[in-house]
Amino acid sequence: MGTFQIDFGDAAKPERIIGIDLGTTNSLAAFMDLTGPEIIASPAGERIVPSVVALLEDGSFVAGNAAKARLAQHPGETLYSTKRFMDRAATPLKIGGKQITPPEAGAHVLLELKRSAEAFFGEEISKAVVTVPAYFNDAQRQATKDAGRIAGLEVLRLVNEPTAAALAYGLDKRNQGTIAVYDLGGGTFDISILKLADGIFEVLATNGDTYLGGDDIDQLLMKIALEDIAAEWGAPVDQDAAAVETLRQAVIQAKEQLSFALVTNIDLEYGGKRYQREISRELLERLIQPIVEKTLGPCRQCLEDAKLTPADIDEVVLVGGSTRIPMVRKAVETLFKSKPHTELNPDEVVALGAAIQAGILSGEVKDTLLLDVTPLSLGIETMGGVVTKLIHRNSTIPASETEQFTTALDGQTNVLIHVLQGERELVKDCRSLARFELTGIEPVSAGLARIEVKFLIDANGILNVSAKDTRTGKEQSVEVKPSYGLTDEQVEAMILESITNAEADIRERQVREMRVEADRMLAALENAKQNDAWFELPEADREAIQKAHNELLLAYHGEDYKLIQDQMEKLDKASLVLAENMMNTAVRGALKGTKI
Amino acid sequence: MDYYRVLGIDPKLQLNLNELQQLFYGRSRELHPDRFARAEASVREAALNESSLLNDAYRALKDPVQRAEYFLKNRGFDIGEQGTKDVPPQLLEEVFELNMALEELKSGDDSARPQLATARDQFAALLAQSDVELGQLFEAHDGQPGEAVLKQIRGLLNRRRYIQNLLRDVHGYLSN
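Those protein sequences? They're chains A and B, same order as listed. Under this note's numbering, the first sequence has 384 at position 384, and the numbering climbs by one with no breaks. Under this note's numbering, the second sequence has 170 at position 170, and the numbering climbs by one with no breaks.
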């Protein structure tokens, strides 16, 4: 071992993949540690990044706590709960004098998490597993993936939030069983039923509502408070965005307190005026009864789809901040006749599960495999505005179906396929995903063309369409026109400018860090030159060391940290003999002074 | 694309579902895209195609009705048509009475409700019975494969689909 030896083992490691929970209200990142998944804290020690984006006076964006702090003062320049708009990815949201699309808003939050992770690991992070509500449709999933790309993150996998939670609970350790995951978050509700067997998590069925969550509870309380205030203060404040935002935060605080106390106050101070109102858990429960009830329908449907009864469910897992509400817990317990698991923090459990899935992808986690399903049926428009189902909901993904198409007119060269998602019979009741246009079909008589189109839903729950002319065997080109989402080119143009900067920042930091290492090594060498061992070295060895030393100095002032690293390794090798001699000298010296 | 071959089993109509699941899990461990996240694009695409085929195969074979439909289709039977000749005559009378009851209900006469509930139970029982018959026909075919049994199976599937539609309709009216 050389004295100057530095461990370069890290360089050989594959690139790190982090797990991210991109939530409606809060977002978190986690990674797979040797002992299990861990939340990644920001340099300031914060584990949670609020999913809030703010536009600053200088025209730049911030996300997370810094943005949340600006909510009340600058409501027009901040955006929250933008995950609810992922369904209309191409429709921009107004923020101050600018407009950003929902995926861009998500990207700012992701970038905040990415930076925290980069500070934490001291290396660039460019790969992630990101969670989505299980009931997210194709457009919402694609928009989430786009948000990653805009933030400079390659989303290797989208994982359904309830499934991630099941992973985090490590319920596979009991080997067998059926579990239900009830996930009521800030903006979305999911229910998933899974079968566990020997490390395989097979989702049997999933259901939900992507517009149901804690935000809706806040709205109910807001309505009451706003009416009160209008009466007490003599004028409504509904149009005063700053007042509404301050009240919203007061209402959320009261709501959260009612999970632990039976009575609390909604307390608002605004513009020199004060509003206080006592609110009891009983009143809250009466208000939210319809919301809780609304979650039970999807639960029953999910059981039916899984061909199970409540008695078949062995364990129930609660996820999402809204499951802290005692009434929600009771409703779940009553329905599934089983006391729900609440050991893990419901705000963190999804991110932890995402980290485990990242570990599965990297190969660190073995023997565990997720088999998830598509939440909604996929179909195409046929004659009379009817939807013909191709892939049914709750099909294990990846899933595929092929369909034959032909032309209706002589010489027709294009065929348009309208793809929809949903359970209803008619086109107008389903969600339009995209129109796929088969172009460049060989012009032949009507009905003679034979185009085989393959619809494939990948492991992310995202549709891929490919086509083949079965007469010629040639790949048929397919043009995608998303109904509500962004095109590839649009996403490309949105990629945050700051990303390229962030990459430059990382390079700079890497060089800086490597110089610190080099300083240490050079100082150690200078020290060694004072040692007898240096003078005892053969001339050739001394020259070799000096040469490596000079080369390192040359690299030191460059911008390439890899080169510095390489030269350090060379110097380390060249000085190996010196280090050994020093050891021997030291031993001799020690022996000299020893009296036997 | 033979689903039986994808799972590596003999083309029988009767299958042991536990064994089928074990095979499916085992193949999933080998083929799932998660296992190839770091591989090059062509390998990842192959894994995607193979595992979707595996999932499609398992989905079709684990359900007896879908399995029978797949089996018949592969042997050249047209399974899409629903011939009324396969509907048992005694059922036609039931259907006639049912339609009257449904009309009454639609015109706001709730007195038809109990009759509908009875009909629902009756159809559910018929459905359960057709499942038993399907199992018997599967056994007959696996013992001595032949066109005749397959035709019987097709007839049973048509009847079953008819009953299922009735059940769905009644169910829909009752829950509204």
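No lab work stands behind these hints: they were computed from the structure. Every residue, glycine too, gets a C-beta built ideally from N, C-alpha and C. Some clues are possibly wrong.
What the hints assert, rightly or not - Residues on chain B that point at chain A, a partial pick, calculated with CB under 8 Å:
#1 R38
#2 S52
#3 R59
#4 A60
#5 K62
#6 L126
#7 S130
Claimed, not checked - Derived pair list, reagent style SDA-like, types lysine to any residue, alpha-carbon separation capped at 20 Å:
#8 B:K62 <-> A:K294
#9 A:K454 <-> B:Y70
#10 A:K294 <-> B:S175
#11 A:K454 <-> B:R35
#12 A:K366 <-> B:R35
Going down the list of hints, with the structure as the test:
1. Proximity of R38 (chain B) to chain A holds as hinted, the smallest CB-CB distance being about 7 Å (cut-off 8 Å).
2. Annotation: S52 (chain B) was flagged as interfacial toward chain A, and the flag holds, the nearest CB pair being 4 Å apart, inside 8 Å.
3. Annotation: interface hint on R59 (chain B) holds; nearest CB of chain A at approximately 6 Å, less than 8 Å.
4. About 10 Å separates the beta-carbon of A60 (chain B) from the nearest beta-carbon of chain A, more than 8 Å, and the hint is not met.
5. Checking K62 (chain B) against chain A by beta carbon gives a least distance of about 10 Å; that is not within 8 Å, so the hint is violated.
6. Taken as an interface hint, L126 (chain B) does not check out: its beta carbon lies about 19 Å from the nearest beta carbon of chain A, beyond 8 Å.
7. Taking 8 Å as the C-beta contact cut-off toward chain A, the hint placing S130 (chain B) at the interface is violated, the least distance being around 17 Å.
8. Note on K62 (chain B) and K294 (chain A): the hinted pairing is violated, with a Cα-Cα distance of about 32 Å set against a maximum of 20 Å.
9. At roughly 18 Å between alpha-carbon atoms, K454 (chain A) and Y70 (chain B) fall within 20 Å of each other, so this suggested pair holds.
10. The hinted pair formed by K294 (chain A) and S175 (chain B) meets the criterion: a straight-line CA distance of about 16 Å does not exceed 20 Å.
11. Restraint check for K454 (chain A) and R35 (chain B): the C-alpha separation of about 23 Å exceeds 20 Å, so the hint is violated.
12. With a CA separation close to 10 Å, the supplied pair K366 (chain A) and R35 (chain B) stays within the 20 Å bound.
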